[in-house]
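Student: Single-letter residue listing:
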Amino acid sequence: MINCELFTCDAATKKLYEKAKKERIDTVWDRALAMQPQCGFGEMGLCCTNCSMGPCRIVKVSDDGPKAGICGATEDTIASRNFARAVAAGSAAHSDHGRDIALALYHATGKIRVKDEEKLFKIAGEWGIAVEGKDASRIAREVAEKALSEFGKIFGKLLFLKRAPHKRQNLWDELGVAPEAIDREIVEVLHSTHMGSDADYRNIIRQAIRAALSDGWGGSMIGTELSDVLFGTPVPRKVEANLGVLKKECVNIVVHGHEPTLSEAIVMAARDPELLELAKKQGAEGINVVGMCCTGNEIAMRHGIPMAGDFFQQELAIVTGAVEAMIVDVQCIMPSLATVAKCYHTKLITTSPKAKVPGAIHMEFDEQKGLDIAKRIVKEAVMNFKNRKGEVYIPDVKSEGEIGYSLEAIIKILDRVTNSFAHPSGTVKPLVDAIKSGVLRGAVAIVGCNNHKQPHNSCHVTLAKELLRRDILVVTTGCGAHSCIKAGLMSKEARKYCGKGLATVCELLDIPPVLHMGSCVDISRILVLLSEVANYMGVDISDLPVAAAAPEWMSEKAQSIGLYAVASGIYVVLGVSPAVTGSENVTNYLTKDLESVLGGRFEIEKDPVKAAEKIAVHIENKRKRLGI
Amino acid sequence: MALFDIIFEGSKQALEAAKAAVEAAIEKKGSDAKVAFPETAYGLPAIYAATGKKIGTLGELRDALSIVESLIVPEQNLEKALNAGLATALSAEIIEACKYAVEEKPYSEPCVGFISDAVIRSLGVPLVTGDIPGVAVVIGEAPSAQEAAKVIKDYQNKGLLVFLVGKIIDQALEAKVKMGLELRVVPLGYDVTSVIHVVTVAIRAALIFGAVPPGNLEELLKYTRERVPAFVNALGSLSELVVSAGAGAIALGFPVITDQDVQEVPHYLIVQKDYDKIVPTSLEARGIKIKITEVPIPVGFAAAFEGERVRKED
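As given, the protein sequences belong to chains A and B, one line each in that order. Position one of the first sequence corresponds to residue 6 (the working numbering), numbered consecutively onward. Position one of the second sequence corresponds to residue 311 (the working numbering), numbered consecutively onward.
Honestly, the hints are just simulated from the structure, not real lab data. Glycine included, C-beta positions come from ideal geometry on N, C-alpha and C. Be a bit skeptical, because a hint or two may be false.
[To be verified] With a cut-off of at most 30 Å between alpha-carbon atoms, the simulated DSSO-like pairs for lysine-lysine come out as follows:
| id | chain 1 | residue 1 | chain 2 | residue 2 |
| --- | --- | --- | --- | --- |
| 1 | A | K505 | B | K488 |
| 2 | B | K364 | B | K339 |
| 3 | A | K158 | A | K127 |
| 4 | A | K505 | B | K339 |
| 5 | A | K627 | B | K322 |
| 6 | B | K322 | A | K629 |
| 7 | B | K339 | B | K488 |
| 8 | B | K338 | A | K505 |
| 9 | A | K505 | B | K599 |
| 10 | A | K417 | B | K599 |
| 11 | A | K417 | B | K583 |
| 12 | A | K497 | B | K599 |
| 13 | A | K501 | B | K532 |
| 14 | B | K587 | A | K417 |
[As the list claims (entries may be wrong)] Counterexamples of contact, computed for chain A against chain B with all Cβ distances above 12 Å:
| id | residue |
| --- | --- |
| 15 | P278 |
| 16 | V444 |
| 17 | E512 |
Model the full assembly from the supplied sequences, consistent with the hints where possible.
Tutor: Written out as structure tokens, the structure reads:
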């Protein structure tokens, strides 16, 4: 057994891990321990299985042993190919998410109503779709069609690239990395990393950059923008977080996964009077829907649904014994959930044809019959309430925070400090002024996952606190957001962690110092915010005193995010090294040389305190270069 | 130059000037010579409120310089920048105290210089009742006497208490703005450092009405920010010293509105080049809402004119 004092800083996690151990349930940490030592070849990216002549490995630790694959691929080729494929997979995951949202919008006639027409019109305008004399559902359909064509159009570049500063767009064109169509770029990575294709690590990474940019400025941005259109653009609201949000007396439904189409329907279904009545008949006080991971972020941002937990807490939610159903769709769903659920009454319900789990109940979700299916799923949960067995234990650990900081919400908040006689409203000017004057030193996005190679949550939280102290505003998404809200960093009291400048800004704007901007696809919100700031200042994103960090990243999606951030000109600090360290050339390219090409680069720093120091130095250097 | 660097530079200049003033005063009067402002129980009010120490002699004043010095730490963050602003305020007080130590009557008509405790006590009630809805500190020089008068009279009409520092005093005289405490337009002095005499009004308000314990800087700043509805109009070219004094105002919670090109700070440092909008911009920045209904008559009408005397030549 592992020492849970060291592996997490979260109290609820510690308590439930102990319960899991008592009940002999293996969790992610136990499996990670059993996996030790992990394979060095894989860890360094020096293992290739791309053809059946392999597997091949490059031996670095001694002079003897192979220095090239059977086909002749060098360590540079193998490491860069592996990295590129990971990026392509991440981009594919986000992009498929975006496509599903676009499809949902396409079908948004009749039952599903478009919630944010203003945003719909704005996107239509951006994309050159005429709106005169058309009703919202027709415009929605045209916008959706245009969005869907982004995935496989034959000619032209991605439409959302135009949101980037001109300098950035020109740079992408010069370097030949401006993506054309989302799926196309992912396929091209798979092609060029096939045996006997691309062997030039720089060229392989160039293609990976195209695939990554097609995620950030394509798939993810479509996912975010159209989710806002469909379900409403988030506005600030209070929300509770951590596993203490489960309620003993209620039917607890955990929605876990990524796509808001499912979770939105579940939220609606759980408010159905018939189902509530049914829940009461089963002896429950009500139906308590809570969210996990990114779908949790989506419904928290839009409806204030409690954020039950992050990636590493998914098994522990079931261990409480209080979860009637865990409803999942796609991405970051541990297949172990089926095994854990079997020990309790919990029903694991998969809903996507793209993500089935052996041992789970599959109730396929279809956007067009969304609410009906959602009601059936909720009913399944309600009827399961009486089947609870064993000890129900919900740790009394939860915190509260303010979330819902979409770009639109942020700009509206900034108007609070404009003077109506001296300033325009509706711009990023106050943010730019706060940064230029030095009151804020800069801004950092803390994003990413959980990873057993880093202490759970504490890297996110430590890094955030270190930055706040230095008057650096933190924005966050994904499981970084879960970590921060659990640690109380999204409450007003979190001002006590801030330097005077940031504390003053928070007080004037009435905001917490860590702004929850949404799910992992919502990192696209950060790209748009940075573009607005850069455009206002007349500079490129790479000139801004900003950085990004993924201190506990885990997934291929995180690698795609990291690379599109770098390619957008951002300094990205990773707490866990990607599997490229076997190649010095590839490592140097990603962590050094790329900066002179794209203005952004990766930095590997495991220690969050040192990461904060490096970020602060980076930010001050950018300030100096701007003369501010 | 980055805004904070301008502030640090100005604070250093103020400190150097304060050091020179103290040395010159000691040379003239000796380090045991008394130093005090007239008619106050609060010593040198800014230093007293910030440190809890009452300065009695020039020698003690020299020792106080090290406090000022310790406040100037040129690190790039707001806290240090505001501290440097406070340092400038303290330097200004030291310089002004030296004037009073060396000269019998350092200020003469129309300037009033230091303001006595009695006057502050008399201002307390109208400030609390909102009869004086705000305190405008106008420093520097407007483009012309007409523009200066327009801004000053507008404040006066709205019942605000207006303090003038610098060439704006001459512009007000030129435009025949009637001045005096009873008219709520108070010319302090021509040197930038004389602005400290309005700062100590706010500080003594905190000590007298807010019962803020001397030496509790944090509570002092909270009181001035929340309870003293003051703001600054810095007009005309801005030296590093003025910018750094402005940081001192911001530390007290008073927004600065200027007609010059500077890097704006949301809420606190605002550029307004349109003279017709300086007054509304300032009132909004400080959250001052005027209770008076403006009566459409051809002369100014406000409590500020209550004590006005109509002389023969008028």
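Student: Check each numbered hint from earlier against the structure, then list the numbers of those it violates in ascending order.
Tutor: Violated hints: 1, 4, 7, 8, 16, 17; rest satisfied.
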